[in-house]
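There are 2 protein chains.
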Amino acid sequence: MGEQSRAAEKGSVDFVPPSLCRRVFSRRIAVEAKAAILADVARLNVLSMVARAGSGHLGGSFSSLEILAWLYLQVLSPRDLFFSSKGHDAPGHYAILSALGKIKFSLLHRFRRIGGLPGHPEIGFPGIHANTGSLGMGISKAKGMIMARRLAGKKGRVFVLTGDGELQEGQIWESLASAAHQKMSELTVVVDHNKMQSDTFVSKVSDLGDLSAKFRSFGWTVARCNGHDFRALGRVLGRSSRQSQPLVVIADTVKGHGVSFMEHTSFDSDVEEYPFHSGAPDREVHRRAFAEILERLNRRLQRLGLGSCPLQPVFLDAPAPPVHLERLIPAYSRALVSLAARDPRLVVLDADLAKDTGVLEFKKRFPRRYFECGIAEQDMVSMAGGLALQGKIPVVHSFACFLASRANEQIFNNATEKTRVVYVGSLAGVLPGGPGPSHQGVRDLAALSGVPGLVVLEPSREKEVEPCLRWCLRQNRGPVYLRLASVPFEAPPLPAPRELAQAGRGWRVLKGSELLVVTGNPVLLGQAAHAALALKRHIGWSPALFSWPWLNLVDHPWFLRLVPRFRRVLVLENHLASGGLGDGFARILAGAPNPKAILHRLVVPPIPPSGWNHEVLQKLGMDHGSLAKKFAALGGKPYPRKDSRH
Amino acid sequence: MGEQSRAAEKGSVDFVPPSLCRRVFSRRIAVEAKAAILADVARLNVLSMVARAGSGHLGGSFSSLEILAWLYLQVLSPRDLFFSSKGHDAPGHYAILSALGKIKFSLLHRFRRIGGLPGHPEIGFPGIHANTGSLGMGISKAKGMIMARRLAGKKGRVFVLTGDGELQEGQIWESLASAAHQKMSELTVVVDHNKMQSDTFVSKVSDLGDLSAKFRSFGWTVARCNGHDFRALGRVLGRSSRQSQPLVVIADTVKGHGVSFMEHTSFDSDVEEYPFHSGAPDREVHRRAFAEILERLNRRLQRLGLGSCPLQPVFLDAPAPPVHLERLIPAYSRALVSLAARDPRLVVLDADLAKDTGVLEFKKRFPRRYFECGIAEQDMVSMAGGLALQGKIPVVHSFACFLASRANEQIFNNATEKTRVVYVGSLAGVLPGGPGPSHQGVRDLAALSGVPGLVVLEPSREKEVEPCLRWCLRQNRGPVYLRLASVPFEAPPLPAPRELAQAGRGWRVLKGSELLVVTGNPVLLGQAAHAALALKRHIGWSPALFSWPWLNLVDHPWFLRLVPRFRRVLVLENHLASGGLGDGFARILAGAPNPKAILHRLVVPPIPPSGWNHEVLQKLGMDHGSLAKKFAALGGKPYPRKDSRH
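Just so you know, the protein sequences line up as chains A and B, in that order. Residues 107 to 752 in our numbering are what the first sequence lists, from first letter to last. Residues 107 to 752 in our numbering are what the second sequence lists, from first letter to last.
Be a bit skeptical, because a hint or two may be false.
Given that identical chains are not distinguished, each listed pair holds provided it fits within a single copy or across any two copies.
Below, in silico cross-link-like pairs of lysine to aspartate or glutamate (EDC-like), each with a Cα-Cα straight-line distance of 20 Å or less [claimed, not checked]: (1) Lys289 / Asp313; (2) Lys289 / Asp316; (3) Lys470 / Glu401; (4) Lys642 / Asp729; (5) Lys210 / Asp729; (6) Lys469 / Asp374; (7) Lys642 / Asp449; (8) Lys208 / Asp335; (9) Lys310 / Glu138; (10) Lys642 / Asp313; (11) Lys524 / Asp335; (12) Lys289 / Glu398; (13) Lys469 / Asp313; (14) Lys470 / Asp374.
For the record, the hints were derived by calculation from the structure and aren't laboratory data.
The shape of chain A in the complex, shown without the other chains:
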């Protein structure tokens, strides 16, 4: 999801400027033809936005583009509102808004960059009416908007686009019941029913069954149509619901629509991984996809006497990948399989992120012990609770941002039963910076800090992953949250520890004086190690550097023996100010009679910057260059004018 290596190759990609659509819209041609052109122009720009950003969602953008094109050209009046609940179709939505002149064309070149367009929708841009990206909230938000508009006596409809995998979220069904109860005929929900969720076919994950019957049983009027057929869309979207009921349009679509080899229908029904949900394709795939769409678009333009599609090249400028690269997810995947082979009690649960969380290999090896729960984190976590009560050791997977917050109450409830459940939150920390605040896991420790008996562990080296997981499964008897960074990171150019540090203690990475630097995160450890080594080279001094995997455990007496050797302690946290390691240190230091050392912290703001990984680190002062300066300042040392590494 956050990898930027494939897009890092040099070259350029082509964008279609808005002039084409202005020209097309001014001609007297059928609206269906205009919509088809708009959708394909958006497809081309989406391809290039994702290529340039190095990440983004193609499949779910492509499936929805005819729906969006038709809504904007033919349905939405100035008093109507539209927004997407699934949110990862944001590139498609931006491309449409740009073609319509609603947002600046140049913003498309800055997709998923600081100061550019965010990875998931955020208000503050014209045409974006809600922050989405965490699934299942859109219908509820739309209802709130309608309640406000009713009070203000405003007319108009509110349209919400949802995914189909998204329908597995419980909030969707909460929202449906009361929409019917409140007779919200102003509300139209369009389900982009592209049959595929993040990993694979919806029907394989948790079959939706008779979707029309479900919506009808919740009191909704249901219409169904081909979501790529403008006439069909016109028939169902043109009018709101009769009978004072909200309307749902189930739009049958194809994930990856518009590029033959990306369409889900070109994959076997037993495919384990649909490859075009997220991430940037490599150059060759990009080129083929672009060519196929462009050829179709040009044919249509020429048929209508509109010439050919103008293209504007934009250079790729993604940064070079890190040097001493390590990746925790593959290491986790191996550790999981190896430990599972020796303990039949171990079972795995996942919420439609099997590829990203590294459990595909486990699934292949132990299919009976693998439970795909779909996008239903609450259900997954309580199922884990039931499994644990019956003697299993469930290992539960999702992204840190969703697991810690959506299933917060369920994790607490399991913990009150004092069973052993291992929660694995990947995509933890501020990186990848591309997807935006909805996906940046920087508040997981805060959200989980009230869970009784929960131990939080974060490995910082590939070699530390197996010992961490082994501790969770064999030594610990209660719940653990295993926090995993998903981005490839620049590791310290030093040997990794062979074993896990003793509970509540860190391990020394570098000797030093005056300043003790502590971090529990691999990205920050790598940056800090490089900063400290650079200082050592240039001024012959470095702070002591400790890696601290126990994010909510501090061996109190040991810590109070360690600290007085330093004048200052600096904690680097890939997390916001509360709930992390620094809070544990602060409690001890504030309560100790003679702490001597002063505590400093470098933390992530609760709404973190979003952009390329190196941009985000720089913005936060967490790149090795900024850290070296900070270390020198806190150590009371002169900072060298130039770090030779630059």
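Dock chain B against chain A, hints included.
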């Protein structure tokens, strides 16, 4: 919910010893007659348990007793499992388990007491297989149990009882879809469809519509019957589902069944408050209800030649109510109405706790601006987000324990939109001690500590409520969490402040030296004030006492000017160690070069003790007696042998 005053009157209540049921079960009489006797014996004991405890749930226990009696007598085999998802029927379940000899009779006398039976189910007692009380998790847990049993090759069915209001929780629908997908024919869900949720009729809150059609559309086999008719229950519960589908039995029941004047059918359909959902009735109501059940039971016993029902009196020993009593919820209710009258943007949302959260008066006065959302906290919070995006100021209500955790992700999402939403979490803190850890709001601040820009305010006096709410609505532009203690509390015998303290500052309640005591909670402020005044009387010394309503804001420079006047600072938190006021102080003191004062904290453990309020405070060392000792010790003063207040 947590009030103990009505049961505090002296006297005794009668319990039915298990000898009666042993005698009945040994006779050769129809199982339906045995079940009817078991259900009514349980009813009598539930009445006395709740009277003795001073709190508990009558209505939802009574509606489910025929179902439980039939399950235990006729359906459950040793390899089956049964548990209740709604959980507030715990007194009924305990009474059945006791009558069957599975748990000790004497435990019934210690319902909702330390060392006794918890207010909601907790594992560790025979026959209790899961911790429940926070709604909607039961079916998920049962599925996990079934997954484990399948792996172990175990046979047997798993039965889960749910409420009908509980079906508004989104997790229910998450869990239904995957149960069908996994063909869980071992699973039988019984819906205690008593038509009433916490406040009023389910159909008024969020109508369930065609419930059978809903379950069928999710792939379940559906049966429906009268839940008080044993033959009907026998027909549907005796066999599991055919066709590899899970089975749901919709049992039509009557809330309060078995006591004519408690039955929901005896109330008008437009009743705003069903009075027997929770809480202990007064003596006279108790007496009438008990007499009605006893008379019916005795008639039945005599008809069967079984003599009459033995009764065992147990003295009531509830403590005397506090002296300088204040209550925040009524004060909040008045403030809300008064501020709403002057600001038409203010709208109110509630999740089926209108009575407990104090919004009934608002609802009466401003019906169009009031939205009852049902037990669907996620939907409620995202609707509030939509309302705020359209210019309203939504004030969102639930209990602290549920609001902060179930809607955690939705509160975060709203906060990223930087709109003004006021979240009001009542029942905050460790009291009332009766309902148990699922309802004791002591981790709300931790769970919310990662929400961007959220200000947390807790008033400690009735007179402080209006200024707090006024600040949220008029001065602040972002989100606020207003934390409200629901229990009546012993206030300091001193004047309350007329205005809210400046942001990030506390206000001085008592002058003193050596030790600075700070708290942001009304219960602890009252206890601390009494402790400090007692010390002043007896040894002529007291610590300084500050009340601090800004739970996550500290005016850094002001605080660092205040603190050096003292040798020690003690923070009293009605919350667990992380996320509260003490963390804010610790961050400043640990980072300051010369803090001088040492920080001490008194906090609640993450699984707090559960029992009568005064018992819980004593257990935590938070009653005024324990606090006086602690103050003296930290102040370096001799503690007087006897506090004359005792």
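Earlier hints that do not hold, by number: Hints 3, 5, 7, 8, 9, 10, 11, 12 are the ones this structure does not satisfy, whereas the remaining hints hold.
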